[in-house]
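Undergrad: Please model the complete structure; the sequences and the hints are all you need to start from.
Protein chains in written order, with the working numbering: chain W, 169 to 291; chain L, 424 to 530.
Since the hints were made in silico from the structure, they are not lab data. Bear in mind the structure is a predicted one, so any value in this text is a computation, not a measurement. We put the beta carbon where it would ideally sit given N, CA and C, even for glycine. Careful: at least some of the hints might be erroneous.
The list that follows gives simulated cross-link-like pairs (lysine-lysine, DSSO-like), each with its CA atoms no further than 30 Å apart [said to hold, decoys possible]: (1) L:Lys530 <-> W:Lys181; (2) W:Lys211 <-> L:Lys530; (3) W:Lys246 <-> L:Lys484; (4) L:Lys468 <-> W:Lys235; (5) L:Lys484 <-> W:Lys211; (6) L:Lys468 <-> L:Lys530; (7) L:Lys530 <-> W:Lys257; (8) L:Lys468 <-> W:Lys211; (9) L:Lys468 <-> W:Lys257; (10) L:Lys484 <-> W:Lys257; (11) W:Lys235 <-> L:Lys465; (12) L:Lys465 <-> W:Lys181; (13) L:Lys468 <-> W:Lys222.
DEER-style ranges, computed between Cβ atoms [unchecked claim]: (14) W:Glu229 <-> L:Ser500: 38 to 48 Å; (15) W:Pro233 <-> L:Ser500: 36 to 46 Å; (16) W:Gln171 <-> L:Phe477: 18 to 28 Å; (17) W:Asp243 <-> L:Val438: 42 to 52 Å; (18) W:Gly274 <-> L:Ser486: 18 to 28 Å; (19) W:Glu229 <-> L:Thr428: 22 to 32 Å; (20) L:Asn454 <-> W:Thr272: 15 to 25 Å; (21) W:Lys222 <-> L:Pro503: 27 to 37 Å.
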Amino acid sequence: EVQLVESGGGLVKPGGSLRLSCAASGFTFSNAWMSWVRQAPGKGLEWVGRVRSKTDGETTEYTVPVKGRFTISRDDSKSTLYLEMNSLKTEDTGVYYCTTRYCTGGSCYSWIWGQGTLVTVSS
Amino acid sequence: DIQMTQSPSSLSASVGDRVTITCRASQGISNSLAWLQQKPGKAPKSLIYDASTFQGGVPSKFSGSGSGTDFTLTISSLQPEDFATYYCLQYNTYPYTFGQGTKLEIK
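TA: This is how it looks when you write it as C-alpha cells:
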C-alpha cells in the first residue's frame, strides 16, 4: 500500500525550531520528488517547498514566506522526508502534509497525501 | 506564479443534485491539473489527475474536463458523503498552486 506518514508536530514558541518527518512506503521513494504543503486553521492549502530526487540533483525550492527559515531534506536509505523549521512565526501555525505524485514504470498517476501533522506556534 | 481562480467559493446543493466547480489558470497549464476533496479534520484526497483521469477507487460520479486555462469538476447525484471542500491544484509550473477552495454544503 502506498503510504505517507508525518510526525514531529507540536507546540513551539515563536522563534523556536521544529523538525517534521514523513515516512514513505509502497513506492520507490528514491525516485520521487517530495513536497510539503501546509494549511493554516480554517484556510486553504499552500505549497511550502519540494526536493527533487538524488538523480535529479536533490535540489530544493521554497515558497517565499519560508525561504531562509525552512529546509527540506531526504534520507533515501530510510525512505523519509524531513522539514526543518527555524525562526518559527505564529503565521506558520497549521497542519503540514507531505505529498508526492505516484510514479511507476515511467508513468505518473495521482497525488498521494499523508495524514498531516499539526504545528502550533504560540507563546 | 500561476494564479488559480476557483469558483464558486461556496455552493449549497441537495442530495441527488449535479454540481459543477470551475478553475481558471492565469496562464496555460496544459492538462496538469488535479482535483482534491477535503473533509473537516482530514487530509486532502485526490479525485482526479491530469484534468480528467480518475484516481483509482474514486466513484465515476466525479468527472473532470478542460485543458489550457479552463477546467471543471462535475459531481453527479450528490450523496451526503460528497459534502466537503474541493480544491484544484496546478502542477504544470513550479511553484505549484491551489485554487482557494469550494465548500459544498447541504441545502
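Undergrad: A separate judgement is required for each hint: does it hold in the structure or not?
TA: Evaluation of the provided hints:
1. Taking the CA atoms of Lys530 of chain L and Lys181 of chain W, the gap is near 42 Å; set against the 30 Å cutoff, the hint is violated.
2. Distance check on the hinted pair: Lys211 of chain W and Lys530 of chain L sit about 23 Å apart at the alpha-carbon level, within 30 Å; holds.
3. A hinted pair counts as satisfied when its Cα atoms are at most 30 Å apart, and Lys246 of chain W with Lys484 of chain L does not qualify at roughly 39 Å.
4. At roughly 27 Å between alpha-carbon atoms, Lys468 of chain L and Lys235 of chain W fall within 30 Å of each other, so this suggested pair holds.
5. Restraint check: the Cα-Cα separation between Lys484 of chain L and Lys211 of chain W comes to about 27 Å, which is no more than 30 Å; the hinted pair holds.
6. Among the hinted pairs, Lys468 of chain L with Lys530 of chain L is consistent with the structure: their alpha-carbon atoms are about 23 Å apart, no more than 30 Å.
7. The suggested pairing of Lys530 of chain L with Lys257 of chain W is violated, with an alpha-carbon distance near 39 Å, which exceeds 30 Å.
8. Between Lys468 of chain L and Lys211 of chain W, the direct Cα distance comes to roughly 17 Å. Compliance with the 30 Å bound is thereby established for this hinted pair.
9. Annotation: proposed proximity of Lys468 of chain L to Lys257 of chain W holds, straight-line Cα distance about 28 Å (limit 30 Å).
10. Under the criterion of a C-alpha separation no larger than 30 Å, the hint pairing Lys484 of chain L with Lys257 of chain W is inconsistent with the structure, at around 42 Å.
11. A distance of roughly 27 Å separates the Cα atoms of Lys235 of chain W and Lys465 of chain L; the hinted pair therefore holds under the 30 Å criterion.
12. A C-alpha spacing of about 25 Å is found between Lys465 of chain L and Lys181 of chain W, which places the hinted pair at or below 30 Å, so the restraint holds.
13. Taking the CA atoms of Lys468 of chain L and Lys222 of chain W, the gap is about 27 Å. The hint holds against a cut of 30 Å.
14. Distance hint check for Glu229 of chain W and Ser500 of chain L: the Cβ-Cβ separation is about 41 Å, which falls inside the suggested range of 38 to 48 Å.
15. Range check, Pro233 of chain W to Ser500 of chain L: Cβ separation about 41 Å, and the 36 to 46 Å hint holds.
16. Checked against the given bound of 18 to 28 Å, the beta carbons of Gln171 of chain W and Phe477 of chain L, roughly 20 Å apart, stay inside it.
17. Hint check: Asp243 of chain W to Val438 of chain L, Cβ distance near 47 Å, so the stated range 42 to 52 Å holds.
18. Distance hint for Gly274 of chain W and Ser486 of chain L: a CB-CB separation of about 26 Å, consistent with the stated range 18 to 28 Å.
19. The hinted window of 22 to 32 Å between Glu229 of chain W and Thr428 of chain L holds, with their beta carbons roughly 23 Å apart.
20. Checked against the hint of 15 to 25 Å, the C-beta distance between Asn454 of chain L and Thr272 of chain W comes to roughly 20 Å, which is consistent with it.
21. Evaluation of the 27 to 37 Å hint for Lys222 of chain W and Pro503 of chain L yields a failure: the beta carbon distance comes to about 45 Å.
Hint compliance for this structure: hints 1, 3, 7, 10, 21 are not met, and every other hint is.
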